[in-house]
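In the order they appear, the protein sequences are chains U and Z. Each residue of the first sequence is one higher than the last, beginning at 1 in the working numbering. Each residue of the second sequence is one higher than the last, beginning at 1 in the working numbering.
FYI, nobody ran anything at the bench for these hints, they're computed from the structure. Just so you know, even glycine gets a beta-carbon here, dropped at the ideal spot from N, CA and C. Watch out, some of these pointers could steer you wrong.
Covered stretches of chain Z (chain U as the covering partner; in silico rule of three or more C-beta atoms under 8 Å from a C-beta of chain U) [said to hold, decoys possible]:
#1 7 to 18
#2 179 to 192
#3 207 to 214
#4 225 to 235
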Amino acid sequence: MIASLSLILLCQLTGEVFVRGLGLPMPGPVVGLMLLLLLLLARDRFVVLARGPLQGDGVESASRGLLAHLSLLFVPAGVGVVQKLDLLAEHGIAILAILAVSVVITLLVTVATFLVANRFLARGQDRP
Amino acid sequence: MSDNPFSLWVYLSQSPLLWLTVTLLTYAIADAVSLWTHRHPLANPVLHSMWIIGAFLLLTKTSYTTYFGGAQFVHFLLGPATVALAVPLYENRKLVAAAILPMLVALAIGSITAIVSVVLLAEAAGLPRAVILSLAPKSVTAGVAMGISESLHADPSLTAVSVVLTGIMGAIIVTPLMNRTGITDFRARGFAVGIAAHGIGTARAFQVDAVAGVFAGIAMSLNALVTSLLVPLAVTLLVR
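Go ahead and model the full structure; you've got the sequences and the hints to work with.
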């Protein structure tokens with residue numbers, strides 16, 4: 001458990017160092033995500049790597065634990081709304097309406113794109 | 001034991017213990033209510049935790065900084081949780097590989113739609129530039145969005161609030177919207193909510209259908225990658 005959490009933190013730390021060091025416009029945890037994915041894929045190819053948290057479901061179960069209550073992690077940031085009450089009094093209705101419309105548009109466009117692309121792919125596979 | 005109950009409050013209200021406990025306890029109760037209502041979309045645990053804790057802070061005249069002193073331990077886990085998204089991606093790599101083409105197309109179009117729609121709507125509404133920049137990364141998970149906002153010299157705390165509001169709205173709207181439009185492919189439904197409403201949408205997807213949850217998680221992690229590259233580009237092109 002401790003080793004698995006350390007590995008996750010180490011991936012994040014490496015990502016952070018990498019991003020800051022090279023001045024890249026992306027967040028460190030995203031690089032950490034790619035790093036952990038590469039480690040998991042590399043472990044299946046090279047047996048040498050399958051030790052510590054990378055064996056016997058170690059890092060996998062720690063990650064599942066973290067992700068099981070993902071929405072809890074958004075609560076502290078969400079409560080930050082109390083700091084923004086003056087801004088919300090001024091632009092609140094506009095911001096809420098914009099976010100709601102944007103969410104609906106994004107949902108519909110994404111789901112339609114997925115279905116259309118999926119149909120084209122399936123049709124392509126049917127033909128010999 | 002203190003003679004004066006007020007001095008006990010003064011001590012506790014400044015300690016991380018109280019606010020960490022309030023955060024976890026409120027969420028646990030909100031989550032139990034959500035379960036009790038059979039995961040009704042309007043019983044969203046984040047939404048209700050947010051206003052209950054917010055109202056409590058206003059009533060007790062506690063500053064957000066004091067509250068965050070305790071809640072930061074929960075907030076910190078957003079970073080490791082982003083890294084942890086590698087695991088569902090890895091575990092479902094066969095499912096992902098089988099649907100890789102529709103996913104990549106939907107990722108590109110969906111991610112661009114999420115950014116461009118909010119930036120254009122905000123410009124049309126005449127919002128200040130700093131607000132527009134802070135809203136732009138709203139569809140991506142909080143840790144990533146705040147990082148993007150910081151690199152744009154926008155307001156990361158406003159970004160965090162808009163991220164959470166977006167997530168809550170997406171999680172509430174997605175099930176009725178998809179049922180109304182008659183979409184039954186849970187891969188597509190999950191993927192859409194992961195793009196539009198990140199972790200809160202993904203949590204919702206897992207409540208509705210396991211396959212939807214997996215695809216939402218994948219969409220959220222891919223979107224975290226793409227959005228961090230797209231927002232700076234979109235902002236230079238669209239925001240005057």
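Hint check:
1. With 0 residues having a beta carbon nearer than 8 Å to a beta carbon of chain U, the stretch 7 to 18 of chain Z misses the requirement of three or more and the stated coverage is violated.
2. Given as covered by chain U, the stretch 179 to 192 of chain Z passes the check, having 8 residues with a CB less than 8 Å from a CB of that chain where 3 are the minimum.
3. Coverage of the stretch 207 to 214 of chain Z by chain U is violated [criterion: at least 3 residues with CB-CB distance below 8 Å; count 0].
4. With 4 residues having a Cβ less than 8 Å from any Cβ of chain U, the stretch 225 to 235 of chain Z passes the three-residue criterion, so the hint holds.
Of the numbered hints stated above, those contradicted by the structure are hints 1, 3, listed in ascending order.
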